[in-house]
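2 protein chains.
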Amino acid sequence: MTDEKREQVHEQRTKTDSVQDSMERREIALHFCREEKAEAEFAHPADVAEHMENLSLEKQVCLMQHLSPEDAAEALAEMDEYARADILRNLDWDEAASILAEMSPDDAADVLDELDEDHRDALLRYFEADDAEELRTLMAFDPDTAGGVMNTEIIIIDHNVTADQAIMQIRREIEDKEIPYYAYIVDEQERLVGVLSLRNLLLCRPRTLLKDEVSSQSLISVVFDADKEEVAHQLAHYNFMAMPVVDYEGRLLGVVTYDDIIDIIHDEASEDMLGMVGAGQDETVDTPWMESVKKRLPWLIINMVNSAFSAWVVSLFEGSIATMAILAVLMPIVANQAGNTGQQALAVMIRQLATERFDRKKSWIAVWREAKIGLLSGLIVAFLVLVAVFLLTHNLLLAQVMAVALLLDMLLGALAGASIPLILKELGRDPAQASSIFLTAITDGAGFFIFLGMATTLLL
Amino acid sequence: MTDEKREQVHEQRTKTDSVQDSMERREIALHFCREEKAEAEFAHPADVAEHMENLSLEKQVCLMQHLSPEDAAEALAEMDEYARADILRNLDWDEAASILAEMSPDDAADVLDELDEDHRDALLRYFEADDAEELRTLMAFDPDTAGGVMNTEIIIIDHNVTADQAIMQIRREIEDKEIPYYAYIVDEQERLVGVLSLRNLLLCRPRTLLKDEVSSQSLISVVFDADKEEVAHQLAHYNFMAMPVVDYEGRLLGVVTYDDIIDIIHDEASEDMLGMVGAGQDETVDTPWMESVKKRLPWLIINMVNSAFSAWVVSLFEGSIATMAILAVLMPIVANQAGNTGQQALAVMIRQLATERFDRKKSWIAVWREAKIGLLSGLIVAFLVLVAVFLLTHNLLLAQVMAVALLLDMLLGALAGASIPLILKELGRDPAQASSIFLTAITDGAGFFIFLGMATTLLL
Numbered sequence: 001m002t003d004e005k006r007e008q009v010h011e012q013r014t015k016t017d018s019v020q021d022s023m024e025r026r027e028i029a030l031h032f033c034r035e036e037k038a039e040a041e042f043a044h045p046a047d048v049a050e051h052m053e054n055l056s057l058e059k060q061v062c063l064m065q066h067l068s069p070e071d072a073a074e075a076l077a078e079m080d081e082y083a084r085a086d087i088l089r090n091l092d093w094d095e096a097a098s099i100l101a102e103m104s105p106d107d108a109a110d111v112l113d114e115l116d117e118d119h120r121d122a123l124l125r126y127f128e129a130d131d132a133e134e135l136r137t138l139m140a141f142d143p144d145t146a147g148g149v150m151n152t153e154i155i156i157i158d159h160n161v162t163a164d165q166a167i168m169q170i171r172r173e174i175e176d177k178e179i180p181y182y183a184y185i186v187d188e189q190e191r192l193v194g195v196l197s198l199r200n201l202l203l204c205r206p207r208t209l210l211k212d213e214v215s216s217q218s219l220i221s222v223v224f225d226a227d228k229e230e231v232a233h234q235l236a237h238y239n240f241m242a243m244p245v246v247d248y249e250g251r252l253l254g255v256v257t258y259d260d261i262i263d264i265i266h267d268e269a270s271e272d273m274l275g276m277v278g279a280g281q282d283e284t285v286d287t288p289w290m291e292s293v294k295k296r297l298p299w300l301i302i303n304m305v306n307s308a309f310s311a312w313v314v315s316l317f318e319g320s321i322a323t324m325a326i327l328a329v330l331m332p333i334v335a336n337q338a339g340n341t342g343q344q345a346l347a348v349m350i351r352q353l354a355t356e357r358f359d360r361k362k363s364w365i366a367v368w369r370e371a372k373i374g375l376l377s378g379l380i381v382a383f384l385v386l387v388a389v390f391l392l393t394h395n396l397l398l399a400q401v402m403a404v405a406l407l408l409d410m411l412l413g414a415l416a417g418a419s420i421p422l423i424l425k426e427l428g429r430d431p432a433q434a435s436s437i438f439l440t441a442i443t444d445g446a447g448f449f450i451f452l453g454m455a456t457t458l459l460l
Numbered sequence: 461m462t463d464e465k466r467e468q469v470h471e472q473r474t475k476t477d478s479v480q481d482s483m484e485r486r487e488i489a490l491h492f493c494r495e496e497k498a499e500a501e502f503a504h505p506a507d508v509a510e511h512m513e514n515l516s517l518e519k520q521v522c523l524m525q526h527l528s529p530e531d532a533a534e535a536l537a538e539m540d541e542y543a544r545a546d547i548l549r550n551l552d553w554d555e556a557a558s559i560l561a562e563m564s565p566d567d568a569a570d571v572l573d574e575l576d577e578d579h580r581d582a583l584l585r586y587f588e589a590d591d592a593e594e595l596r597t598l599m600a601f602d603p604d605t606a607g608g609v610m611n612t613e614i615i616i617i618d619h620n621v622t623a624d625q626a627i628m629q630i631r632r633e634i635e636d637k638e639i640p641y642y643a644y645i646v647d648e649q650e651r652l653v654g655v656l657s658l659r660n661l662l663l664c665r666p667r668t669l670l671k672d673e674v675s676s677q678s679l680i681s682v683v684f685d686a687d688k689e690e691v692a693h694q695l696a697h698y699n700f701m702a703m704p705v706v707d708y709e710g711r712l713l714g715v716v717t718y719d720d721i722i723d724i725i726h727d728e729a730s731e732d733m734l735g736m737v738g739a740g741q742d743e744t745v746d747t748p749w750m751e752s753v754k755k756r757l758p759w760l761i762i763n764m765v766n767s768a769f770s771a772w773v774v775s776l777f778e779g780s781i782a783t784m785a786i787l788a789v790l791m792p793i794v795a796n797q798a799g800n801t802g803q804q805a806l807a808v809m810i811r812q813l814a815t816e817r818f819d820r821k822k823s824w825i826a827v828w829r830e831a832k833i834g835l836l837s838g839l840i841v842a843f844l845v846l847v848a849v850f851l852l853t854h855n856l857l858l859a860q861v862m863a864v865a866l867l868l869d870m871l872l873g874a875l876a877g878a879s880i881p882l883i884l885k886e887l888g889r890d891p892a893q894a895s896s897i898f899l900t901a902i903t904d905g906a907g908f909f910i911f912l913g914m915a916t917t918l919l920l
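Protein sequences, first through last, are from chains A and B.
For the first sequence, the positions run 1 to 460 when the working numbering is used.
For the second sequence, the positions run 461 to 920 when the working numbering is used.
Next up, chain A with everything else stripped away, as it sits in the complex:
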């Protein structure tokens, strides 16, 4: 899709919006659709999806109706969740069902999950009984777990066949399977006993029994209720293309593939950054804005309460400030600088928890590392501030109070910034959630108290 084409689409859309008569509008949409369709058939489904997100709902629906179910399914799988639920609600039942039937079961289950229950049940009636059953099973898994993101279209081979037989089986099945790069070897009880890549199989001697081939493998898999972020860590750690998912008896249920992992890692990074400042963890620029207000307001109000606490600390020293207004000038510097120091430590720790497997000892050593960083940066910044405040006010005692308060608050900020995510993690909470808000409360409150308290004691 070129930029000019995009422009043209937009113009056409704007034009369309001003047309009053709905019949006329429909005809333009239909004409537009045929043109779009011709282009969409040659584009990659991901590009079709991206393009569709810029169209009006009417045109999205129209385009979906005109594409082949396979193309429509691929494009729909790539689209934003808000957009695709809207499209499905506006398609006829049988149209929607025929598109869903072309999707891989895990994608179809995700899309169905976004619809309300009545709509979902109605659509499932258009599926064959066992397909509908499979979709219901997939929807039953918690979407934040391995089971919720796994693919079920995998090649499963009995461990009693030979390498050559396995290759023949793969050739037969390969057309229907989404992920034909690994073959999963199971025993009589459907328990996973090994994993072989196509490459491994081609390198085997033809008559080798698979059970002999995999007997020395140290099998790595995850249980269906493992947190999906944990699965992402595991897959990234082992550089696997797909991670097998099993039940508690070790029976193979499906696999989580690298492309889902890439999405999970993107989502996790977004959740951390958004959560840290109290925005909705799944917010994007496509989230309806009122939705965002609802998600952020509670945290803004908590931040307000925290600020009120800091303000109360300041109010304890109202008398000192009335006598010496310069204190009010300098106090935000202390709080702000300690806040920034703490945020640096916070960011490093949150990323540590997000990218590596949790190691309690290593994490607390990292807190100690941040304390050293905070102390040395604090000493340097405090010295600079000592000089600057003295030069500006010619009040050495004030400069000293300011420098000491800054040093102490920066050290506290570093310790708090590094510890908050760990404490949240140990409490079983999301390490990032609102961490920046709590950090600011600590560095503001403590900064004001230390600075104003010392000033009141020593200067007045």
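Keep in mind that the hints were calculated from the coordinates and are not lab data.
Possibly wrong hints are sitting among the right ones.
What the hints assert, rightly or not - A few chain B residues facing chain A, derived, Cβ under 10 Å:
#1 Gln-629
#2 Asp-687
#3 Leu-695
#4 Asn-699
#5 Ile-721
#6 Ser-752
#7 Trp-772
#8 Val-774
#9 Met-784
#10 Ala-901
Ideal Cβ placement from N, Cα and C applies to all residues, glycine included.
Position chain B against the provided structure of chain A, taking the given hints into account.
What follows is chain B alone, placed relative to chain A:
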């Protein structure tokens, strides 16, 4: 590696540290090494690497010497860059070279890049001439580009062969290649003309010429100097397992694979979160702490200068504060609340720029979305504050000033938070870098000015 084993390792290490005599220490290390080696041979290289990072350098080196070059190479490829450069420096030349020779060329080039030039040249002398040449070529690519992260061990097939011949070629080459899942089809000038997965090839009719098979493909590739984050976006967008890298004439140079992309996405998320608050973008808890101080200090000092600007704004109203110290109590609330509002907008925009391909129009629409969110949240919070301040101070005018200042500063915070990353992007800078620091400067400075200014005009 179980937890008990880890504990044991640690105990052993602590014990070792207290042993004074270096001979005795070496013997213990050697004994330890043999035990470790036995275990390491059955573990996944990624687990060996993780375990090694917890050992002393002496033991790391010893273990490397006792593992087979293949196992050592795989573990080294997975290790942290600081740790592995240290290990290589402490191995004999020929030991180091034999381990590097077992690594895939892109990994070996990365490791060599971490050594100083003399050491690197000395090691390269142990390689065969054309292997050394290939490593030098790989090292010449900017590590932040497609060329810098690409793999060169790929299967390249001439477009004039048939599907059957191609499968035979793959069977011959598959043992040596890291990524045998795609075959890259090139013409007589080595220009990439198509990509076929093993699956596609197995589905072809045997006599089909590859050039006919790929003629209708819309080829997606990146040029070697494309930013690696852009490559990550492309690969995630198209759900590819590997993205071909070509030169400006379209000749195939290599591929960037999903496992490198996962690392790039992790790094990008870290860079954004760390950069936002002015920490070093490549910092982890493994970075030497003095290094971290050096990276963060410049931003702390910039933050200091920004704070000094806000303090100067406050100093303009020193007289008002001396008369009415409650102003000093309330003013941090305004600044803090607007700062938090701005950070929420900032986080959403930075993630938007990190996860989607840049779309200027869509981005500025998102700024408008943030303005609406800021306005509505501002109205609600301002109303609550109006009531609270009135109840506490019984001063309606003060409560009104506070509410209006809060609303204006929150709206400004939302606009600034949403715009800063876009402006940085348009200037060709990293959208995240120090954005939180600049945002705070704006919301603090403006908040103090609006609140104290209105109070001075209306209340005094």
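Against the earlier hints, flag every one the structure doesn't satisfy and list their numbers going up.
1, 2
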